[in-house]
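Asks: Taken in sequence, the protein lines are chains A and B. Positions 110 to 260 (our numbering) are the ones given, in order, by the first sequence. Positions 2 to 191 (our numbering) are the ones given, in order, by the second sequence.
None of these hints come from the bench; they were simulated from the model. Source: prediction; values computed, not measured. All C-beta atoms, glycine included, are put in the ideal place defined by N, C-alpha and C. Possibly wrong hints are sitting among the right ones.
Partner residues are not named here, just some residues of chain A that face chain B (Cβ under 7 angstroms, in silico) [claimed, not checked]:
{"#": "1", "residue": "Thr159"}
{"#": "2", "residue": "Lys178"}
{"#": "3", "residue": "His224"}
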Amino acid sequence: MIRSRYSGATACIAVMLFGVMACHRESRPVATSFELHDAWVRSDPDSGSTTAAYIRFVNGTPDTVVVSKFSSDDASVVELHQTSIDANGETHMDKRDTLVIAPSHIVVMQPGGYHLMMIGTTHSLQPGAMVRIAMHLSNGAIVSTSARVKP
Amino acid sequence: MLLALTLATTALATGCKPVAFHGTAYEPPEMAPSVVLNNAAGGKFDLADQHGSVVLIFFGYTHCPDVCPTTLSDWKRVKAELGHNASRVKFVFVSVDPARDDPATLHAYVSRFDPDFIGATSDSTTLANIEKSFHVESAREETGSASGYVVTHPSQTFVVDKDGNLRLLYSFGMKTSDVVSDIRNLLHGA
Chain A
110 MIRSRYSGAT ACIAVMLFGV MACHRESRPV ATSFELHDAW VRSDPDSGST TAAYIRFVNG
170 TPDTVVVSKF SSDDASVVEL HQTSIDANGE THMDKRDTLV IAPSHIVVMQ PGGYHLMMIG
230 TTHSLQPGAM VRIAMHLSNG AIVSTSARVK P
Chain B
2 MLLALTLATT ALATGCKPVA FHGTAYEPPE MAPSVVLNNA AGGKFDLADQ HGSVVLIFFG
62 YTHCPDVCPT TLSDWKRVKA ELGHNASRVK FVFVSVDPAR DDPATLHAYV SRFDPDFIGA
122 TSDSTTLANI EKSFHVESAR EETGSASGYV VTHPSQTFVV DKDGNLRLLY SFGMKTSDVV
182 SDIRNLLHGA
């Protein structure tokens with residue numbers, strides 16, 4: 110499990126993606142879930158600018174979850190980026206097309222790693238406000254979470 | 002007599018004990034390179050004029066959505082934890098993206114985190130020379146992002162002591178309490 114340097118649950122949505130598993134005569138329904146936790150967005154007082162959002166993805170299902178697109182009504186474009194820091198301490202940022210969360214794995218977006226670029230914010234994002242972010246999965250499902258704006 | 006001798010010996014031993022810094026220490030300390038930049042107020046920032054203050058330096062750019070604002074947020078916490086000692090600490094954000102970061106943009110950006118933070122930049126040649134003297138570099142890169150180009154840049158914070166020597170280097174994400182502890186030691190002459 111990757112540990113985030115930022116803790117504190119701000120939002121948690123359990124999304125039942127795969128429904129109820131097939132059951133035999135004596136077995137109980139087994140629900141598996143894909144969960145989104147601790148979503149937050151860095152505040153930005155200027156409309157039209159770019160800021161970053163972070164989410165913790167928990168894939169409790171037996172299947173790989175692929176997020177192929179991100180969107181938000183609060184930004185013109187939402188892109189997945191990944192920051193990496195090389196051996197010389199140089200920071201690089203690359204755009205990624207998909208986020209893959211393996212079965213029974215957690216992917217933590219955090220400063221210095223994966224993050225969502227909220228490009229062209231439609232309004233000022235002040236601390237305490239909430240921003241809705243949608244995840245478009247490769248299986249056609251769309252799940253969303255509320256991210257709190259933080260300084 | 003014996004008590005006085007014991008106390009003196011103890012004090013001497015304590016005084017000679019080297020400070021264990023949390024950041025990566027320059028051993029021996031190096032004279033900080035010349036850093037003369039245009040500050041956001043339209044004047045000059047000259048590192049040589051900062052004697053008596055501890056100076057934190059970071060190379061970044063205002064369109065950076067991840068590492069730069071995280072570092073400035075960390076600095077804000079450091080400044081708050083320093084209390085009255087913060088008046089003897091300078092926080093300098095050097096933009097390595099002069100094409101987009103004019104002084105006014107830079108000033109507005111750093112002021113979002115703290116009005117005392119200093120934003121400074123210069124032309125590409127001057128910046129490249131300064132970065133070279135710090136043994137770092139930055140480069141513009143196209144990623145296909147709708148936000149435009151990105152800039153590869155150093156992730157560390159450099160610390161210059163009150164005598165103008167490069168003393169410490171902090172990796173990205175360093176604990177703010179450790180930074181505060183080190184700065185206090187530097188302010189007290191470590």
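Asks: Hint by hint, note whether the structure agrees.
Replies: The hints, checked one at a time:
{"no.": "1", "hint": "Thr159", "in the structure": "5 angstroms, holds"}
{"no.": "2", "hint": "Lys178", "in the structure": "13 angstroms, violated"}
{"no.": "3", "hint": "His224", "in the structure": "5 angstroms, holds"}
When each numbered hint is compared with the structure, a violation occurs for hint 2 only.
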